[in-house]
Structures are given as structure tokens and as C-alpha cells.
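Protein chains in written order, with this note's numbering: chain A, 1 to 728; chain B, 729 to 1412.
Watch out, some of these pointers could steer you wrong.
What the hints assert, rightly or not - DSS-like mimics (lysine-lysine), calculated; alpha carbons at most 25 Å apart, straight line: (1) K917(B) x K501(A); (2) K778(B) x K478(A); (3) K149(A) x K184(A); (4) K160(A) x K141(A); (5) K501(A) x K859(B); (6) K492(A) x K477(A); (7) K478(A) x K873(B); (8) K141(A) x K151(A); (9) K1278(B) x K478(A); (10) K521(A) x K441(A); (11) K690(A) x K702(A); (12) K171(A) x K195(A); (13) K995(B) x K917(B); (14) K441(A) x K775(B); (15) K123(A) x K99(A); (16) K237(A) x K1053(B); (17) K132(A) x K237(A); (18) K396(A) x K1359(B); (19) K477(A) x K775(B); (20) K775(B) x K476(A); (21) K503(A) x K775(B); (22) K396(A) x K1053(B); (23) K477(A) x K778(B); (24) K1278(B) x K476(A); (25) K99(A) x K77(A); (26) K1189(B) x K775(B); (27) K778(B) x K503(A); (28) K778(B) x K476(A); (29) K302(A) x K1053(B); (30) K441(A) x K778(B); (31) K396(A) x K1258(B); (32) K1042(B) x K302(A); (33) K396(A) x K441(A); (34) K396(A) x K1278(B); (35) K501(A) x K775(B); (36) K396(A) x K775(B); (37) K1042(B) x K503(A); (38) K501(A) x K441(A); (39) K917(B) x K477(A); (40) K237(A) x K1042(B).
Derived from the structure by calculation, the hints contain no laboratory data.
One letter stands for each residue in the lines below.
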Amino acid sequence: MRKRLFLYTLLIIVGAFLATILFDAKQKNNVEIKVDGNDYSVSSSSDVFLESGLFTQVDDMTIYNQGEVDQTDFSKKLENSELALFVNDDNGSIRVVKKDTGYVWASDIIDEEDDEITNAIYKIAESAFTVKYLTADNAIKEFYAIDTKTKITSSVSGNKISFKVNNSNLKISFNYSISLIDNKIDVELDASSIKEDGDNKISSITMYPYLGSEHKQDIPGYIFYPSEAGALIRYNKVPTITSSSVSKFYGTDANITRQQEDEVLSLPIYGVVHGIEQNGMLVEVKDGTGFATLTYSPSTVKENINFNLIYPSFNYREQYIISIPGASSVLVVPSECYKTNANIEYTFLSGTDASYFGFAKTYQKTLENRGVLTKKNDYTSDIGIQIEAFGRDYTKGLIFNEYHNMTTTKDILSINEYLTSNNVKNLMYTLRAFNRGGYSKQSVSNYSFDSKLGSLHDLDDLEYYFYYNPVESYSKKKQFPNQVLVNLYNEKSFIQISENKYKFYANVKAILKYTIQAVEKYDSRIALDGIGYRLYGDKNNKYSRTDTLNSYSELLGSNKVAMYKPNYYFLENTSSYLNMNLYSSRFRFVSDSVPFLQILLNGYMDYFSPFLNFSSNIELDVLKCVEFGCNPAYLVTNLHSYLLSDALSSNYYATYFEAIEELIVSEYNYINTALKEVRGSSMTSRQVLKAGVVVVSYSNGKKIIVNYTNSDYIYGGSVVKGMDYKVL
Amino acid sequence: MSKLKNASRVLIILLTLTIVLALSNIKLSASGELNNDPYDTYTIGLKGEKIVSPLAYEGVNVIGLGLEDAKDIYIDDNDVVWISDRSAKKIIRYEINTGAISSVGEGILMGPTGVCLDSAGNLYVADFDGKTVYKMKQDGTVLQKFERPTEALFGEQSQYRPTKVVVDNEGNLYITSDGNSNGIIQINKYGEFMGYFGPNNVNLTLELFFKRLMLSKEDRETYASLTPKATTNLSIDSKNIIYTVIEGETGVSLKKYNISGSNVLPKDSFFSSTYQDITVDKNGFIYAVDTSQSGCVQVMNQDGSLLFMFGSQKTGSVLMGQFDKPTGISVDSNNNIWVLDGGGRCVQVFKKTEFATIVMDAILAYNNGEYDKAVELYNSIIRQNASFVNAYVGLGRINQRLENYKEALNYFKISNYKSGYSEAYWELRDNWLERNLLWLIILIIVLILMKIFKVWGRLFKLLKIDFSKIKEKLGSYKITKELRYLLRMFKDPKDVFYDIKYGVKIRYRTAWILFLVFILINIFCDYFIKGYLFRSVNASDMNFAYELLKWGLIIMIFAVGNYLISTLQNGEGFFRDIFIGAVFSFAPILLFKLPIDLISNVLTYNEGYLYNILNGVLWIWTFFNLILMIKEIHNYTLKELILNIILTFVAVIILVLLFLVVYVLANQLIQFIVGLVREGVYRT
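The task is simple: from the sequences and hints, build the whole structure.
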């Protein structure tokens, strides 16, 4: 009886099992998703949008008249054909007179009558510098040039005036100098002259915080702020922030800041315009940038008494707090201050140069003279396009990891065939996650090609670059990779991106070692990510951020490689600028986005947009590419991206080539039709005709009019359709 | 010694596990790896988890308006923004199209916290400090005052401190009142109290019970109150449907009421416990704002399922999409989102991106039955975000409607939408059965015939396979005999336990093997064998060590706990007996778990009860085996048995607590040493 029962049970089970297998086999045919390439058109413009900080606004060209400037207390110290420098001997404050316009740039407040200026503001504004220092018991205090205990002596030799500062009370002294060169003044603080004979230690030094300041909304003009592509802060648009914004020039220093990344300023410069195309001041922090910050302080900050300020500061000592479990935290103050000179160059401009466009052109010339930028003469007649192929990643299995070879070299060949046969030219391939083990195994020492993805020789006929990010690597868990950065807190540094994704930085020594090896191995056919915009010191290997900066600028010698978002220190080594933002960062105080970077690099190198298939406003971004002379970029995989949804690379969610191939072709041709007309010529002006309508002129006489509005715009007799462009 | 080693290993694994768990609530930061989005936008991924999505809303404007302590925002049909400012004691009026700013209610209002308009354009203000709701003309002329209802129904003790107000098409007012947990106060246009609408419930959970047990009387009301939470904020759509949010509630903190006042939205883990405001647009999309660290602003479809969340709370931020303390949300006629940042004293305006427009249009097209358009749009969404779960669900549903069940099944499988999968699978199975019924019947008949004619026996004879020999051979192994006890567990378990105890018929080794088999069968079934619909876990998420521990500990803790108690209680069993007995008590699971899980592969949710019942039977059976085991092994009377069971339970709890205490103390010790070293290093 029992036997039979058992037999029947077994029979049922086997039957069920068979049925399951039969039935499931039918279901488990590869899950395939149909995708048609139809593009769904969505208009994206409306007034509030076009007047937002994502676009450039119409300039207020009102002539600004400064009026009579009272120069008592000031005496002329230096002069050349363009500028005259006046100095107040008591407090070191300066006035720079631009001779062709007569405009006076003052580091103090010229017209003091309107406001009730508090004593605190008066001290800061009338002083050449503000020094923050730490007392013996680590309290932060300030002293100013105007203090009675601060003694300033100056001496002139040639085009240079030198200042000796000594605060006898605090026993702190240092020297700085101003040189007058053409339309520039060059302020240099000599770090070797910093002397701290008492217990007080310098924390930071700010030179001329009120130079270029603006009162309320009295002056038509703006501040140029180096955020991503470039940003303007117009004086007539009152910002809604009530506290100052302080940003480090090269972003957060992972050696000092734990588990956090902040906005990176894209270049070590800023600018001020008083009267658009009338008076401009372009400021570059040439040295000491590694520990410099940029402060923007709007008139809405109560203590500012209606002044809009922007100025750099140099943090000669970066103190940090170590928390100790079960005890109060300890403030650690480095015993030595940084031994790098602080150097700021102020360029005074007038006429059309006194605008963000002029700033870009001026800076372009400076960089060309410095050898950072070299004119590109070998422009092809059609625009380029970056196709970034994603190699492989794995999802976790029971025992073995399941690898997804998303794109192989053979796949790239077929992608190439499709694109070239559809009239897409000058293809440039970057191979991301083609390193051994793919995306999840990316690390500073892992830059070899993974042979599971084919052979690099397959690509010999293509222009390809091997993607390599020596700085950042990712993991699902907090498992620190080898050669991870150890920060000042003696912790292995990490950043948690999401619940199950962590980011790690490599230490500087490893970065330097392996980057140069990788560049040699691939004979400069390499696309470097991370290194161009993440800059930090390294405690264990004894690099300060400035040391890293100096090592980076010499690292590649004369090699030129493709770079993702290179900051100033890598521009010289950049052959193509990748992932160039089309907007500024969304700071609340920013009123406009401007293509500063694009104007700067136009004619000097090819620059590529962010991956357009990841854009949430594709139509808009394509138009921005047209306006900015930007080559399009796409990140693709041959297999469907949902395969990665369980992998570490799950944020690569829009890469399936088959789904976007038609889009790539049509967008490339759309952009190329406009830009091939102006290939090789440089931008000569950019003007906003009305909110959302921009005209960009080129040196070959062509003009590209881009219309971001929904309605047609008539320019010079021809119609520019809504959300479209026209080349004239 | 080896036991000690094992124990320490277990401890290490547990330690690592706990550490991993403890770190999971660190603040999320923007990734920015691929796109240059200013802040992260999230949506629901294929496994129901929070994933990064293309930017859905672009911050386009920040407006100051001179706010002091703004509490509520309302945008009327003419795109006029109304903001109630409690400290400024007025309502601020801002015209979007002209930028004109004015204010009303000065000198009348004492501290307005809620504002709305009716369809005729009359202004309603909830004056919290004035304990009154005002109906005003837009110029501030008071038309009507609604003070504390005098009706007995309102309740003598009930609070009337109006925080927010909405008005339906008939002119009825719905008022939330601070500290009034009876529900939303409903007052008709004549000022008569109509009753309480949609009262909230207290979820009576075991946790709440324990909390109340442990807490002092004072704390009990704060942390484990039996009084329902008062509604925080509310909104009403053009069809008079009321939407509410409840701060401090979890899972059911966002509600959509039908006319009869009951909530139609299911519990959702994405609903926040810090909601501040809710609004709904003309198409029925729901927008809510909370004060969480990541994903302050949430956009949901008509069913309350999350589409996007973005923005974060960060004090003193200068970036768009970060708020000091958001207090209100509203949508203008272009479906731009206006987030009132009460703490940051400004309003931030967000515009839909092309991507979000496609998502919303797709949902609307689906709801309107425009399937062709919806399919196109859904595919477009997938092109831009291959992990966007709503798109796959949508495509699945459309295919189901069009009776393309196979396609539907694929989409439901990708999106892990199990109830959809179940329905589509049912249809497919039905079709399959219909087609193959004949063959099935023939197969069964053939099998029966084969049985009758002893075909197998003859076949084996023909092939000269002699089963009796094999049987004999197998029977000669000791382990075969031992394993037969598994089968005997179903017939006379008492005998088995007797043999374990007195006969020493089963070796320790065999029990250990079975113990391992038990663990592996459970893991294997849960992750691989069980039908897709009944599988709650995913192989790629498996933590093998954790699984080993989970299943291993069930038997181990029980055996150890019982042994400890029994030795004190004059039990006769040795640990060996208890362990072997316990393992054999799990015979039902050892034998039947696999076949049942196999069968679950061809079941849908319609037959789900069958699967659950079978599983339940297995565990209950096991449970009774265990009790019997204790009784037999220790030779207990019924009284002793009951006492032993209770004490074993207590012992198990004590064991777990002991582990936690040791763990916490060890942790403290490590921290202490680390701190000591650090302090030594940095203070000197």
C-alpha cells in the first residue's frame, strides 16, 4: 500500500516536472524587446524655461557712467600706456585706472555715502587684505591691513611695487608685490616670506575682496562664474541665497573632505563686468590654486550691506576635525603652512572685450601665449562624433559571476559599418569597461584590454581610444581596492553613491605610476577620465594637493590624449575635450549659462558633448550642440541595457545601440549640416536677440541662428523655425 | 575544540553581517558619472528598488517674494500663486505671467497656515493662530468665517486649530486641524458641521504592543500612541476626490479617498514618513513633498505608484533642488512644479523635461486606450532608461489586453510584475492545456495500461535488470538503513525516536549530512527551484553565508537551547539524541519541500493557496515531530513537556540576547581602543 502511494506520488512529481520543463522551455526563449526608433517630439520651451539660468539672457547695454572718483589718500605708484596704479599707503588698498576709458577699479568702497557701512565692513573693504589666523587655543580671528598694529611699507622698482606687512602684535609678517604688465596687474604673495614668530598661525589670506565689487543693482553688468560650461550672475537678478557660496577651485580635496564631492569650478578664473562691453576685469588665480577658494557673496547677505562680491582666498593652513568616539573631537592644525606663492592676475578690459565672450577670447590668447593651447589647423570638413562603447560587466551568480559582454570589438565593427554607411563621418571610439573584468573590476592598475571582448587589432582601421580612469573605481560593497587613498583622518576614503554602490579614489602615487604606463602602452590612444577633474592630496605618500597638481601638470610631458573634463592643469595635454557640459551647474544664484569653455576651445581642439542618449532634453541638447560648435557623443552597447540592471553598472540604462542607431544618425546629420559650414573658423561673437534666440558669428562670415522658442523667428528676412536653427 | 572554532566562525559571520547592515543609512550623494545632472532623479527599477533615472524636472527659477515663515502654496487656474505666511500674518499673491506681487489679509489673519481657492475664485484661508477659517474675496474682503463647530457631534474635547483647508465643487470645506485625530473636519457652505471625513487608523502591530509594554507611561503616548495621527495636509481634484498626507506614518502616509471616505491606494514602501504637502494636477498625477535627505519631491501616477523623486533637504544650500525645509507644493497650468521652501524662504520652480513628458504622456495614452501611441511612448522611455519598470508594466498590460500573452509574460517578467505575470501565465497555461489535453489523457492511459500489464517489470526482465539485487546491495550500506528512518518518521515517529535514543541506530555523521542537506535543499529551493511567482528572492542578491546561518541556526539554536534546559530539567536525552532527533523531525521538509517547490512552477496565484497550504502542512508536521521528539527523547510527562517547550523558547531568546550583548560589548571595546589610539595620536 505504502509502496503504491509512494509510486503514485513519484509519478505525479515526475509528471509535474516534465510539464514544467516543457512549458518553461517555451517561455524561456530569450526575452526580446521590440524597440522602434521613432522619435517622440516634445517641445521644451516656455518663457520661464528660456528665462532660466539654463540659457543666456538678453544683455542690458545701458551705458554706465561711474562719475567723478575722489582719489585723495591715493598716490600713483605705477603707470604704463594702458593702466595706472594708485595705492593708499595707510592700508594698501589700490585703485586701477584703465586709461582708455578712465574707469577706476577700486579695491575699496568709492562712494561711502549711501549706506550705513558698519565698522566690520569698513575694515575689510578699506584693507588690501584680510588675514584669518588661529590663536594658540585654536580660535579663528582676523586682522586687516587697516589695523593700527599692522604696518605696511612699500617700495617701487621698475614696474613692480613690493609691500612688506608686519603685525607686531600677532608677530605675523609677510610680503607681497604688484607688477604692472600691459593691461594686467599681477599680485604675488611670497610664501617664503610668511613668518609666524608667536603662537598665532595664519589660516587664510584674502587679497582685495572688494576689487570689482558692485553696489546693489546700480551697475548694468554681471559676474562671470567658472561653473561647468560657464555661468553669469547678473546684478539685476537678485539671487535668493542669503549666505555666501564658497567653492574650492579644483573641487573638494578628498584628502581633507570625507565622503563628499562638491562642485568643481571648471577653470581657475572669474570675471566682473561693469557696463556690458564697457569695463571688464578678468581674474586668474595663477598659483596657489590648489588651496584657493572662490567666494561669491551677493548683496542679499545681510553683512554685505548691499554689495555683490567675488574674490579668491588662499587657505594657507587647512585645519580639519578628527572625531574620537566617546570623546570630544580634536581640531588638527598643520604645523607648517603651504610653501606655495599665491598669485592672482587681474586683466582690465574695455569695449567688446568687456564681456564673457571677450573674457574667453582674452584668456584664449593668454593660454596660447603660454603654450597651453595650440591652434588646430587640421579640421576635417565634417564634424566628429564620439561613440563610447561599453565593454562588459557582470551580475552575481550563485558560484560564478555571470558576465555580459555588452559590446565586443566585432560589435564595434558592425556599429561602425552601420554608421559609416549612413553618412556619419569622423567617428572616434572610446572603449569603456574594456579593461580586464570590465566595469566592476576597473581600477588604477587595471588598464589591460580584456581579450574576452575580442582583439584590439580588429579596430586598427578605426580611430579608437582606450578608456582609463586611474582615479575612481566602484564596488557594490565597501570593499576597498588595492592602492586606495588614505586620507588625513587615517581612513580609506570612499563615497557612498547609493545604497549599494561605493566609489573609491586611488592614491596619488599609484595614479602617477600607472597613468604614465597606460599612456605608453596605448601610445597615447587613451581617453583619461577622473584625473582631469579630481585633484587631491595623499597623506601616506606625502603629497599635498599642490604637489599633486604640479605632478599632474608634468605627468604627460608633450603627450596629448583625449580627456574627460580636463581642468586647467591638463588642458595642455588634451587632444579632445570629452563630456563637456552644455550648461552651468544649477547654482541658485546663477542667472545665465554661457558657453565659455566652448568659446575658449573653439579652434583649438575638438570638444564633445555629454552622452546625448542619457540626456533628458535631447532636442534641446542637440540644438545646444549646434550653437556651441560641439561634437555629439553617445555611449552605446550592442546588447540591451536592461541586462545591466542588476550589475554595478546599472546606471548605464540607455545604451542599447539598436534602439538609438537611427537617432544617432539623424542627430549627427542635423548638427553636421550646421557645423560643417563653420568647421575650422572661429567664433567671433555671440548675441542673444531675445530670450531663446541666439546668433553666433564665425570668422568665415557665416552666422548660425538658433531658436529655442516654440515660435518662428525672423532674422534678416529669413525664418528660423521654432526649436530649430538656420545658417546664414 | 572544533566546536569552539565553529562557534567563533559563526560569530564572525554574524558580526560582519551586522556591520554591513549598520552602515546602510549613510546619506546618498549625487553620482554624476555619466550625465551632468545637477541632482539625482530616482524612479523604481526592475526589482522594485530605487534607481537613478534621467532628470525628470529641471530647476528653472527661484523666487524670493520676501517670505518669512511660509506654510502653504496654492496655484489657481489663472496661474496666480497664493502663499500663506504665518509669521507675516498675510497671504502673498504672485502672478506668474506678470510677476506682480501683492498681499491680502493683513490685519485680519493672525497666523495663516493654509490657503486655497474655490471654483468661483473665492479665497479660503486656514488661520491657525486665529482658530478660524476665512472665506474671502480675492481683495481680502471677508465673506464668511468658519469658527469652531458647535454641534455635539464635533466632540466636546475635540481641537479646532485649522492648519489646512480645501473646498469641493459644492462649497463644502475640508479642514485639517492640529491635534484632532478624529479625521478631516467637513463643514458645508452654511458653516454646519457635517462630520469627520477619512479618519486615520492605528496599525496594531506586534512591535507596537512590545513598545507599549516596555515604555514608560509618558513615552508611550509619544512613541507608541494608540491615538491615530492627524492628517498633515490635503488636496482635492476636480472630481472632488480628496488626497491626504500624514506625517509620521509609514507605508500608508499618502491616501486617495473615494466618495465614501475610504483609501483606495495600496500600502507602498516608497511613501514617506515626512510628508508636508500634496497636490494633484488635472490629469490626476499626484505630487508630494517631504523633508527627506534624498527625493524630497515625488511624482506619482494615478495609482500612487512612484514615477520620479528628486531634490533633497540640505540646510543653507546654494544649489537648485536642495531645500532648507520644504513646506508646500503646487502645480501651475504648464505642469511646472512649485516647491515652497519655508525654511529657505523661497519658491523653487521645476519644469518637466522631455523625458518626464514622455513618461506622463505614455501613461495618459494608456489610460485613454490609445495603445499604439502608448506602445511607441513606452518604447521611447525604455530607450532612455532600460530599467524604468513602469514602461515594461505598461507594455505588458497592453500586450495582455491585445491577447499577446507571450509578449506580455516577457514584459511582466522583466519588470518583476508578478500579479501581471500570473494572469498572463494562466492564460498561456490554459491555451497549452487546451491544445495538449488529448495528449495528456493518452499519456495517462498509456501509463495506466503499462502498470496493468506490468510493462516495466517485463522490460526490466528483458533487459536483465534485477531490481532485487540492487535493492539488496543498497540495503547492505548502513546509511541506507539510517535513511529509511526518514520514511518511518511518517508512519511511527515514536519508534524512530526510540531507536535514536536506545538503539543508537543512527550515527552522528548521518545526522550531520542530513543537516547539511536540509540547509542546501532550503537554499536551493528558495533561489532556484521554486516557481517564479512564489520566489521572493533573487539569486544575484544571495548572501550565501547568511543563508547558511539562517537555516543552520534554526536547528542548532533549538538543539542547544533544548539541551541546556533539559539537563536542568532531568531530561534523559543527550545532546546527540536531541540533535539527531531534531534533524529527523524535519523529515517532511527534507522529503517534500523539493517536489512541492517543483510543482509551484506550473501554478499561478489563482492556485497559490494550494502551494501555501502544502507548505504550511509541512511546517506544522515538523513542529509536531519536534514536540514528540522532546517528549520521547527526554521521557517527559505532558506537564514536563509543556514546561520544557516554554523554557526552550525562553532559552533560545536568551541565547540570541547573549549574542547581542557580547557583540555590542565587543564593538564598544574595539571603539574604545580605536578612540584611545586616535586620541593619543592627535592630541600629542
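Each hint tested on the structure:
1. K917(B) x K501(A): 55 Å, violated
2. K778(B) x K478(A): 19 Å, holds
3. K149(A) x K184(A): 31 Å, violated
4. K160(A) x K141(A): Not OK: K160(A) and K141(A) at ~31 Å, beyond 25 Å, violated.
5. K501(A) x K859(B): Not satisfied, since the Cα-Cα distance of roughly 50 Å exceeds 25 Å.
6. K492(A) x K477(A): Given that 25 Å is the threshold and the Cα spacing comes to 14 Å, the pair holds.
7. K478(A) x K873(B): 60 Å, violated
8. K141(A) x K151(A): Holds, at about 18 Å.
9. K1278(B) x K478(A): 23 Å, holds
10. K521(A) x K441(A): Satisfied, since the Cα-Cα distance of roughly 19 Å is no more than 25 Å.
11. K690(A) x K702(A): Distance of about 20 Å is within 25 Å: holds.
12. K171(A) x K195(A): OK: K171(A) and K195(A) at ~8 Å, within 25 Å.
13. K995(B) x K917(B): With a Cα-Cα distance of about 34 Å, the restraint between K995(B) and K917(B) is violated, given a limit of 25 Å.
14. K441(A) x K775(B): 24 Å, holds
15. K123(A) x K99(A): Outside the cut-off at roughly 29 Å; violated.
16. K237(A) x K1053(B): Roughly 24 Å separates the two Cα atoms, so the pair holds.
17. K132(A) x K237(A): The given pair, whose Cα atoms are some 32 Å apart, is violated under the 25 Å limit.
18. K396(A) x K1359(B): Violated, at about 45 Å.
19. K477(A) x K775(B): Given pair K477(A), K775(B) holds - Cα atoms ~19 Å apart, limit 25 Å.
20. K775(B) x K476(A): 16 Å, holds
21. K503(A) x K775(B): 23 Å, holds
22. K396(A) x K1053(B): 40 Å, violated
23. K477(A) x K778(B): The hint holds at about 17 Å.
24. K1278(B) x K476(A): 23 Å, holds
25. K99(A) x K77(A): 15 Å, holds
26. K1189(B) x K775(B): Since the Cα atoms of K1189(B) and K775(B) sit roughly 54 Å apart, the hinted pair is violated (cutoff 25 Å).
27. K778(B) x K503(A): 18 Å, holds
28. K778(B) x K476(A): Holds. K778(B) to K476(A) sits at ~15 Å (cutoff 25 Å).
29. K302(A) x K1053(B): 21 Å, holds
30. K441(A) x K778(B): 24 Å, holds
31. K396(A) x K1258(B): Answer holds: K396(A) to K1258(B) is near 19 Å, not above 25 Å.
32. K1042(B) x K302(A): 21 Å, holds
33. K396(A) x K441(A): 13 Å, holds
34. K396(A) x K1278(B): 20 Å, holds
35. K501(A) x K775(B): 16 Å, holds
36. K396(A) x K775(B): 15 Å, holds
37. K1042(B) x K503(A): With a Cα-Cα distance of about 22 Å, the restraint between K1042(B) and K503(A) holds, given a limit of 25 Å.
38. K501(A) x K441(A): 13 Å, holds
39. K917(B) x K477(A): Violated. K917(B) to K477(A) sits at ~59 Å, over the 25 Å cutoff.
40. K237(A) x K1042(B): Roughly 24 Å between the alpha carbons, so the hint for K237(A) and K1042(B) holds.
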